[in-house]
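> Below, each chain spelled out in residue letters.
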Amino acid sequence: MKALEKLNLKQQQVLIVKSKKSNINSGATGWLFASPWIIGLVLFYLLPLVVSIYYSFTSYSILRPGEFIGLQNYKELLVDPLFLKSIYNTVYFAVFYVPLSIICGVALAMMLNMKIKGMTIYRTIFFLPTLVPHVAIAVLWMWLLNPGFGLVNGFLDMIGIKGPAWLGSETWSKPSLIFMSLWGIGQSVVIYLAGLGDISSEYYEAAEVDGANWFQKTFHITLPLLTPVIFFNLVMGIIGAFQQFTLPYTLTQGQGKPANSLTFYVMYLYDNGFKYFRMGYASAMAWVLFVVIMVLTLLIFWSSKRWVHYQGK
Amino acid sequence: MFHNFGKLRKLSLVFCIMTAVILSACSNKETSGNADNAKKDGVTTLTFWHENTGVGEEAINDVVDAFNKKHKDIRVKAVYTAANESQNEKLLAAVAGGNPPDISWFDRFKIGSWASEGSLTDLTKYADRDGVTKDNYYPFAWDEATYKDKLYGIPVDTDARLLFYNKDAFKDAGLDPENPPKTISELEKAAEKLTIKDGNRFKRIGFIPWYNQGWLYSWGWGFGGDFYNKDKNIVTLNDPKIVESLKWIADYAKKYNVEDITGFTDSKGSGEMDPFITGQLAMHIGGNWSISGYLKYKPDLNYGVTPIPTPTGTDFTSWSGGMAVVVPKGAKHPDEAWEFVKFFGSEEGQELYNGKYKTLSVIDSVNEKLGYKKDPLFSQFINILPESHNRPVIPEGELLWNELSNAVDNAIHGNGKPGDLLKAANDKVNKSLK
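Protein chains in written order, with my numbering: chain A, 1 to 313; chain B, 1 to 434.
Chain A with its partners taken away, still in its complex shape:
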C-alpha cells in the first residue's frame, strides 16, 4: 500500500510540474473531456428523471402538456385493479426468481470452479445463453414449452407425467417465466466465479489441517466469504426482477395473457404511457416503482452489516 501511495504522489508531482509548464488547469481539462458524457447524462437521464416527478402530478400525454392534478394519479393507482394485479405478478416473480437465481448461481459457480479438464468449455456453455437476445429466448422457449409438441412436455410424457399447458395456463405461466429467466444466469455465475477465485486458499488449507469436511468448508468458509458477491447479485437481481419487461412482453405480444397472469409492472406502465397516452399516470407508476426499489435496496444495505463478511476484516 505504501509503495502505491508513493507512486501516486510521484505521479501527482509530475502532473503538477507538467501543468505548471503547459499552463493548463488539469481539473478543467478533465471536465472538458468528460463533458460529452456529463452533458448526455444531465440531458437524457437527470433532466427527464426530475421532470417526470413533475409530470406524475399532471395529466401529461406526450402530445399535450396536460394540467396539474395534484395527487390524483397516485390516488387512482391505489384502486386500479390491473395495477394491483401487476404488482402481485411482479412480486411473485421477484420472490421466487431472486432466491432461486442466487441458489442456482452459487451452486453452478461452485461446480464450475472445480479443477477438472475442459472446465473452460463448461463455463462457456453456461455463459452462452446470456448472449441470446431476450426476444430470441422468448421464441425459443415458446417452442420448448409448447404444450402439444414441445420438448419439455415430450420429456415429461416419456416418464409418464402429463405436462401442463405452461405459458397457456394461468397457474403455470409465471413459473414458466421464472424457469426461462433462470436459463440466463450466466452473467451472475461469472461474478460468483470471480468471487470464488478471490477466496484465499489459506483458509481451506487451515480447515484441511483441522480435518473439516466438504460440507463444513462450504458453509463456514466458501459461503460466508462469498457474501459480498451474493450481496451485489441480490441487489442487482431485485432491481432486474422488478423491471421485468422484454420477456413477458414478447411472449404475450404485450397482452399479459392468459388472464393477465403475465402482466408485469413495467408492461402496464408502458401501456399507460405509450398506448393510452397517460404519460402522467405512467410517471406516477415509475416513481412508485423507484421508491419501492430504493426502499428494498436500502433495507438490504442496512441488513448487509449482519450477514456480509468481507475478507481481511
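Treat each hint with caution, since some may be false.
[Claimed, not checked] For each label pair, taking beta carbons as the anchor points, the in silico distance ranges come out as:
1) Glu76/A / Val79/B: 37 to 43 Å
2) Gln216/A / Lys254/B: 54 to 60 Å
3) Thr53/B / Leu77/A: 35 to 41 Å
4) Lys241/B / Tyr45/A: 29 to 35 Å
5) Thr53/B / Trp31/A: 44 to 50 Å
6) Leu296/A / Lys296/B: 48 to 54 Å
[Claimed, not checked] With a straight-line cut-off of 27 Å between C-alpha atoms, the simulated DSSO-like cross-links for lysine-lysine are:
7) Lys254/B / Lys85/A
8) Lys75/A / Lys85/A
9) Lys85/A / Lys90/B
10) Lys230/B / Lys275/A
11) Lys275/A / Lys329/B
12) Lys90/B / Lys275/A
13) Lys423/B / Lys134/B
14) Lys275/A / Lys254/B
[Stated by the list, open to error] What the simulated footprint calls covered on chain B by chain A, stretch by stretch (three residues with Cβ under 8 Å from a Cβ of chain A suffice, anywhere in the stretch; the number is not a length):
15) 90 to 103
16) 115 to 124
17) 265 to 276
18) 400 to 406
19) 411 to 425
Read the hints as simulated data drawn from the structure, not as lab findings.
No experiment lies behind these values; they were computed from the predicted model shown.
Where a beta carbon is used, it is the ideal one built from N, C-alpha and C, also for glycine.
With chain A held as given, fit chain B onto it using these hints.
Relative to the frame of chain A, chain B by itself:
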C-alpha cells in the same frame, strides 16, 4: 493558473456550441426533411411515412408515382418507417417534437385518440371545398376517420370478419357443406359434430369462439348489442346483449375445457401448418386477408365463408377496420398534403392501391371494378361491408380494446362472471372518457 480560466471558458464554450451544432445537424438530417429547403424551384417535396413492406409497399409506390406524374409542383416521397398497429412511437415522437412528416399512413382505429390529443390536422374544410363526402365511401369507413364531426383522415382500405368453414370437414362429419350454420345453436351443433377429442387433446376441433378474429366485437354486435352511445359519449359494454354473447363464449370454454383448448391454440403452427389448412380446426372467425395465405400454402383447400352466426339467424353483421392517410399536426404543407390524401382516397388511387395489394377498397364501385363482387369468397366480404360496424371513435379506443380482450380472457378462464367483468371494464373506460 487562474488567468487561464478565461481562455478555457472560451474553449469549453466553443466545444459546447460545436456539440450543439453537430447534434442539431444530425437531427435535421434524420427528420422528415420538410425544412425550408422542401420548396425548390416551385416544387414542394412532401414526405409520406408508411409501414408497408413487400407488395404493400409496391402498391403505395404505384399510387405515389401516379400522383407525382399528375402534379408538376408537388413531389411526394414515400419513406418506410418500421411501425405497426400497436407501436407508433416514431410518429408520436415526431409530432410531439413538432417536426412530423407531411403525410402519414395511419390506423383508423387510433384516429379518435390522436385527434382528441390535437395531433392530426382537421381536414373538414378541405373535404367540403373539394366535394369529398361520406357518400363516396362505406359509412363505417368514413365514420372511423371522423372524430366529433370533424374529418381527420381519408380511409384507403378495409377488411371484414366472417366465418370460415372447411367443406371437407363438414362432409366428413355428415354436415351439408353448402349449408353452413346460420344461428348460434346451429353453430354449436356443427362444432360438436366436427370435434374429435382424444383424452385432453383435440384431433380436430370444430370451433373456438375467441380464436383468431373472434374478438368480443365480432360477437357483441352479432348478438345485437352496441358498444358505444354516441349521444352520451359513454361506452355500453354491459349492454345485456353483449353480456349474453360473453356468457355464451364462457359457457363454450367451460364445455370444451379452456386449458385443453389453450393447449391446442398454443401448439398451433403457422404458414402451411396453420390449423385451418391442416384440417385440425374446422371453423373459425377470420378476415379477408387470410385468403391469400390459404391460396399460397394450400390452393386446393376446400372451404367457404359465411356471415358470423347470430342468435336469430338474421341481421348478420361484421366489423371493419383499415388504414387511412392523415396529415399530422404541425406538418408544414397541409394544402399540398391534402392533394395527395385526396388522390389516395379517390377511385383512381383506390384502384391502384387495392388492385395491387388485393385488399378491399372503401369505395363500393372500386370493389366492383376490381372484380371482387364476382369472386365467390370475396363477394361475401363485399356483401357484408354495407352492414359492417366500426369500433367506437373515442380517445380511449386502445384501452377499450385491451379491456374487452381482458374481459374475454378472464371470462373463459372462469375468473369472474361475464356481467361483472364487463361492468368493471365499462366503468374503467367511462371513467377515463370523462
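> Indicate, hint by hint, whether the structure satisfies it.
Structure-based check of each hint:
Taking the beta carbon of each, Glu76/A and Val79/B are about 39 Å apart, inside 37 to 43 Å as hinted. A hinted range of 54 to 60 Å for the beta carbons of Gln216/A and Lys254/B is consistent with their spacing of about 57 Å. Distance hint check: the CB atoms of Thr53/B and Leu77/A are about 40 Å apart, consistent with the given range 35 to 41 Å. Checked against the hint of 29 to 35 Å, the C-beta distance between Lys241/B and Tyr45/A comes to roughly 52 Å, which is inconsistent with it.
In this structure the supplied range 44 to 50 Å holds for Thr53/B paired with Trp31/A, their Cβ-Cβ distance being about 47 Å. Separation of Leu296/A from Lys296/B is about 52 Å and conforms to the stated range, judged on CB atoms against 48 to 54 Å. Restraint check for Lys254/B and Lys85/A: the C-alpha separation of about 24 Å stays at or below 27 Å, so the hint holds. For the given pair, Lys75/A sits about 16 Å from Lys85/A by alpha-carbon distance, which is consistent with the 27 Å threshold.
Taken as a hint, the Lys85/A and Lys90/B pair is broken in the structure, with Cα atoms around 30 Å apart against an allowance of 27 Å. For the hint linking Lys230/B to Lys275/A, the alpha-carbon distance of about 23 Å falls within 27 Å, and the restraint holds. With a CA separation close to 19 Å, the supplied pair Lys275/A and Lys329/B stays within the 27 Å bound. Between Lys90/B and Lys275/A the alpha-carbon distance is near 13 Å, which keeps this suggested pair within the 27 Å criterion.
Proposed proximity of Lys423/B and Lys134/B is contradicted: the alpha carbons are some 34 Å apart, above 27 Å. A threshold of 27 Å between alpha carbons decides the hint, and for Lys275/A with Lys254/B the separation of about 32 Å lies outside it, so the pair is violated. Interface restraint, the region 90 to 103 of chain B with chain A: holds (3 residues with C-beta to C-beta distance below 8 Å; minimum three). Given a C-beta distance limit of less than 8 Å, the hint that chain A covers the region 115 to 124 of chain B holds, as 3 residues qualify and 3 suffice.
Coverage of the region 265 to 276 of chain B by chain A holds in this model, with 3 residues showing a Cβ closer than 8 Å to a Cβ of that chain against a need of three. Counting residues of the region 400 to 406 of chain B whose beta carbon lies closer than 8 Å to any beta carbon of chain A gives 3, which meets the minimum of three for the stated coverage. Counting residues of the region 411 to 425 of chain B whose C-beta lies closer than 8 Å to any C-beta of chain A gives 3; at least three are required, and the coverage claim holds.
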